[in-house]
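Each protein sequence line maps, in turn, to chains Z and E. Numbering-wise, the first sequence is residues 29 to 430 according to my numbering. Numbering-wise, the second sequence is residues 1341 to 1636 according to my numbering.
Everything labelled a hint here was simulated from the structure, so no lab data went into it. Only a predicted model underlies this, so the values are computations on that prediction, with no experimental measurement involved. Idealized CB from N, CA, C, for every residue including glycine. Don't take each hint at face value.
[Stated by the list, open to error] Partial selection, computed: residues in chain E whose CB lies under 7 Å from chain Z: (1) 1342; (2) 1343; (3) 1347; (4) 1356; (5) 1457; (6) 1459; (7) 1466; (8) 1475; (9) 1480; (10) 1482; (11) 1519; (12) 1523; (13) 1557; (14) 1566; (15) 1614; (16) 1618.
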Amino acid sequence: MIGRVRTALLAALLVIGLTAPALAQKPVKIGVLTPLSPPGDAAAGQFIVRGAKMGAEDVNARGGVLGGRKIELVVEDDAGTPEKGGAGFRKLASQDQAVAVVGQFHSSVMTAVQALAEQFKVPVFSTQASARQITEKHLNYTFRTHVIDPDRCQMWTRWVKERGFKRAALITENTDYGVGLVDETKKAFASMYPGAELKTIIFDRAVVDLTPQLLEIKNWKPDVLLNGGIGTPMYLIIKQAYDVGLHPAVPMLISYDAPARPEYWKTLGEKGTWASFIVYYHPTMKLTARGEAFRKKYMADFKEDPIYGALNAYSQVVLLADALNAAKSDNSDELVKALLAGKFEGWNGTISFSRGEGPYWQQWTPPMLVTQYTKPEMPFADVKIVYPTELKTGDWMAVPKR
Amino acid sequence: MDAFILSQYVLSGVVIGVIYSLMALGITFIYSIMKMINWGMGEFYMIGSYVQYALIATLLGPRRWYLALPLAMGAVFLLGLVVQRFLLRPMFVGGIERRDEYATIITIALMVLFRNLAIVLGGPNQYAPPDYARPMTLGTLPISGNRFVALVGTLVLLALFYLVIKKTWVGRALRGAAQNRVGIQTAGIDVLRLDMLAFGVGVALAAAAGALLAPDFLVYPENGAISTFKGFEIIVIGGLGSVLGSIVGGVLLGVIEALGSVFLSAAYKDLYGFLLLIALLVFRPTGLFGERERSV
């Protein structure tokens, strides 16, 4: 009898001994849910994945989290559609048991998955989804380290005013982002630039022929064109505006940083010249030690300057690692508490999440700058910051008369 | 609004409508002969645009884009022959009872396959071949040179198609197959070969649309979706099986969408075509130039 008990005990000890190290080494999974195929902005998703992977490598090289557990990324494609985003989030939360999900780019998708984040109690991070309502709902598991559209629209209204443009046309898509841009720009014009006129056109994102809308804008004779397309529609607006004689004769401001990507010139050729565009990162910016190390490694690995999406995804993964260590647990509620209590080193400064008013809830905002291409095939590193005044490195240039 | 501006909107609708009619013609031609709908038509458009871009970017260079067009059409024509021979022919020789369902499943599977292959091979990003011509003015309409080339190319292809169908022996055989598949076999014509030819020509027309519009509408894995969508609308408006209906339906759809998006709202551009389509289905279910099916 005693012999049997001894044998059973030995067997139990053996099992525990064998499985304990394996349990201790179980990786902590972080989901990356981002657009990697059309109709989403797949190029943006690729940069986000690139940055998130570098973040995981960085954390793992420093010994991982929670006493040696490695970070494992699980990448899912949301294709820029709420349906695929929802399916991807469910998989990440239930099957993969991800402790958090980063990489959200399209506001429509983010709006859909943040409801699931509450349901599954898994924090979700907007990497580049900027619609106001995302953080305005005051949800526990929604975080954002990106600009919000009211700020974007106020900023471009100030720029339009500073340039003295009296008639501005905004063309954008019928997504949460596009509709939000129209609402916020109307509000900003009404409060900050009441003497100016604003014409807004919202088109169906699936439409590829924008000629009638651009002719309508041309016939309205605007002083400036605000391009609110994301991904392919952004390119279609530039190409077709050029073809109807609207661009570059009428200055254009693009609502986000897609022109910073190498694909911009490949897709547009000389038609891309003279476009102004909003960015959140510029190669001349001073970064944190963490951001600088990332930039150095990125340039060594990819032979090009990093793109903001990559920087932001990297920061989100490393700040999650910091928060997991601070929480001493991968429990989602503990993680949220740690995220709210902590201060984390990001790529450009210290990131903290407070529960502020309106859309400033669990929100951290990077800088916003207006830059301009003035030569064909101009490298992004060479563009000048033309706005805001206190940060500018060059003057905005009007298109020379032909 | 003055007449000048109105004429710009109408012209822009006419131009895009004519170009879309190429797609509709491909769909309706395949339907006429094989009595099946090719749901993967947009993917043949997409492949045409990719082949065009690849040829210009690698072998031919931007100045010889016009050589890329027949090559892109030829490549997709050959692909169409292979697809028809190995995937669709069993529908007619294998004793399959539910041919419509069979064709639907096969062409939808092809759609998914080709789209994903494009992502795997070319990545998810968009590409654009260099412009075929400088921007110009067509009447009152400022238009891209590419769009003008696409318009002329479409008109040439439509004329060629008409001549082949009306004036050649093959064209007569195809018309015969469209009228009576059994009857034409009694005249000693191999209808299965005609099927192959029709499918190849139909998808090559879609490829031509893709190649012609590539600089304007870009090259990416889902670029065929919208033109397929328009193509189906056009054939219902114009009448399934009618070549003239494809052209008239295309122009009508283009103009209505252009005017609706300017005078009503651009956000509902696709809705205007559907309203026209619904009205036609109510008052003229066969479409503008379609004929009632006759059975004996």
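Results for each hint:
no.: 1; hint: 1342; result: violated (9 Å)
no.: 2; hint: 1343; result: violated (13 Å)
no.: 3; hint: 1347; result: violated (11 Å)
no.: 4; hint: 1356; result: holds (5 Å)
no.: 5; hint: 1457; result: violated (12 Å)
no.: 6; hint: 1459; result: holds (5 Å)
no.: 7; hint: 1466; result: holds (6 Å)
no.: 8; hint: 1475; result: holds (5 Å)
no.: 9; hint: 1480; result: violated (10 Å)
no.: 10; hint: 1482; result: holds (5 Å)
no.: 11; hint: 1519; result: violated (36 Å)
no.: 12; hint: 1523; result: violated (42 Å)
no.: 13; hint: 1557; result: holds (5 Å)
no.: 14; hint: 1566; result: holds (5 Å)
no.: 15; hint: 1614; result: violated (12 Å)
no.: 16; hint: 1618; result: violated (18 Å)
In this structure, the earlier hints numbered 1, 2, 3, 5, 9, 11, 12, 15 and 16 are contradicted, and the remaining ones agree with it.
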